[in-house]
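Residues per chain, in single letters:
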Amino acid sequence: MKRYSLMAGAAFCLAVTGMAIWTAAADPVDETLEIDGVPMTTRAPAPEGHPFDEVLSGWLFREAETRATQEDTFENPGMIAVEEGAEIWNTVEGSAGKSCASCHDDAAVSMKDVGAHYPKWDADSGKPLNVELRIDKCRVENMGAEAYKFDQPEQKALTAFIKHQSLGTPVELDLSEGDMQTWWDRGKETYYTRTGQLNMACATCHEGAMGHYIRADHLSQGQVNGFPTYRFNTGGLVSLHNRFRGCIRDTRAEFPAAFSDELMALEVYVTWRGTGLSVETPAVRQ
Amino acid sequence: MRLTVPAIAAAFVMTGWVGAHAAEVAPGDVQIEDMAVEASLTGTPGNPEEGAKTFANRSLGNCLACHAVEALAKEQFHGNVAPPLDGVADRWSQAELRAIVVDAKKVFSDESMMPGFYSLDVGKNVREDLVGKTILTAQQVEDVVAFLTTLKE
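Chain order of the listed sequences is A and B. For my numbering, add 213 to where a residue sits in the first sequence, where the first one is 1. For my numbering, add 6 to where a residue sits in the second sequence, where the first one is 1.
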């Protein structure tokens with residue numbers, strides 16, 4: 214299945230020109246990840262209807278040093294933001310005089326495994342919510358505070374903190390809630406639609422060329438289980454919608470707004486593509 | 007260069023060219039026949055050294071993103087998404103190489119990952135400032151093709 218378009222092209226060349234079959238690859242590492250002694254599922258059997266047989270965490274595609282940094286929460290610079298998130302959790306804000314903790318107490322209990330099941334259906338808005346939008350809903354409706362601006366440091370820190378409470382828990386969505394399936398369908402369509410002057414889709418890189426090097430980048434399956442991730446390159450957390458927008462921009466296309474219906478549908482679909490992988494937030498990337 | 011007078015004339019006719027400017031074939035007018043584009047896109051012979059630069063440059067061809075090539079071993083980071091291009095001129099004629107660079111999807115298959123470097127057959131929502139523009143100019147394509155024709159084993 215993997216590299217189908219390459220192989221189709223190569224076979225065609227072979228037929229036409231008799232060129233040698235080309236089989237360069239750069240496979241993910243055959244190693245296991247434990248974070249502070251807790252085993253992570255970095256390879257899982259793909260859900261039914263998935264193009265791959267096995268879903269693979271992005272961790273398997275990173276360099277040894279990057280992988281090692283993620284294995285130890287004391288080494289992982291993303292944990293600083295998680296600690297900031299813990300502080301925000303307990304900080305009173307807004308006209309109702311409440312903090313997240315006022316309603317939810319200890320996040321280690323109330324938020325345990327919660328992040329592994331987002332996006333979730335929201336009957337009020339008739340849309341799926343991701344963790345960022347769920348936080349905003351609480352801020353506006355329950356705290357009398359303002360919604361965060363996209364990628365505001367507090368938004369990334371609090372999201373990372375909440376997702377981190379699911380560390381190790383396998384990702385699993387409930388697509389039977391509300392219209393989740395319709396959003397999944399729509400996300401799938403986006404995933405396979407080629408955009409921009411370079412005329413590429415998510416699938417071009419993360420399905421067709423998965424495991425190969427595109428210049429210096431080792432192409433993974435583009436899984437979301439480690440988000441927000443810590444990037445050395447920019448020295449901070451990267452949110453999922455920032456990553457989506459970056460990948461779309463790289464095709465030389467205009468990119469949709471964060472949390473737009475289009476990117477929310479994409480999040481639903483791409484999250485499903487990683488069903489069974491442990492939440493690794495905050496994963497470490499170069 | 008295997009430029010024939012009729013080919014140049016044809017190019018002029020295709021673009022409706024009458025002025026004193028370079029005889030460039032517009033992207034929509036390039037004829038890919040039998041996996042080949044016989045006529046030069048510009049009438050000006052390609053420069054292989056310039057072609058090598060365009061080939062490596064990340065904001066131009068960035069061909070190295072996907073293809074490795076020994077001739078540019080001094081450049082860092084060659085991708086392996088696509089076949090290495092060593093000896094590619096033994097496998098394809100100049101006219102075929104031109105067709106591949108112009109629009110690989112018309113040569114290999116619509117499924118090809120390789121972008122069309124002189125094609126307006128592009129993806130959705132092209133960045134506003136790039137609408138109606140090709141990735142490479144006609145002369146850059148000729149330069150890259152001239153570089154590719156030096157890749158013999």
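Please note that the accuracy of each hint is not assured.
[Unchecked claim] Simulated pairs of lysine to aspartate or glutamate, EDC-like, Cα-Cα distance not exceeding 20 Å:
1. B:130 - A:402
2. B:130 - A:475
3. B:130 - A:398
4. A:401 - B:117
If you're looking for bench data, these hints aren't it; they were derived computationally from the structure. In this text, all values refer to a predicted model and were calculated from it rather than measured experimentally.
Review point. Is the hinted pair residue 130 of chain B and residue 475 of chain A satisfied, with a Cα-Cα distance of at most 20 Å?
Key: holds, 14 Å
Point to revise | Distance restraint between residue 130 of chain B and residue 402 of chain A, which requires alpha-carbon spacing of 20 Å or less | key: Holds - the C-alpha atoms of residue 402 of chain A and residue 130 of chain B are around 13 Å apart, at most 20 Å.
Practice item. Take a quick look at whether residue 130 of chain B and residue 398 of chain A sit within 20 Å of each other, Cα to Cα. Key: holds, 18 Å
Check your understanding: Going straight from one Cα to the other, do residue 401 of chain A and residue 117 of chain B come out at no more than 20 Å?
Key -> holds, 17 Å
The earlier numbered hints are all upheld by this structure, with none contradicted.
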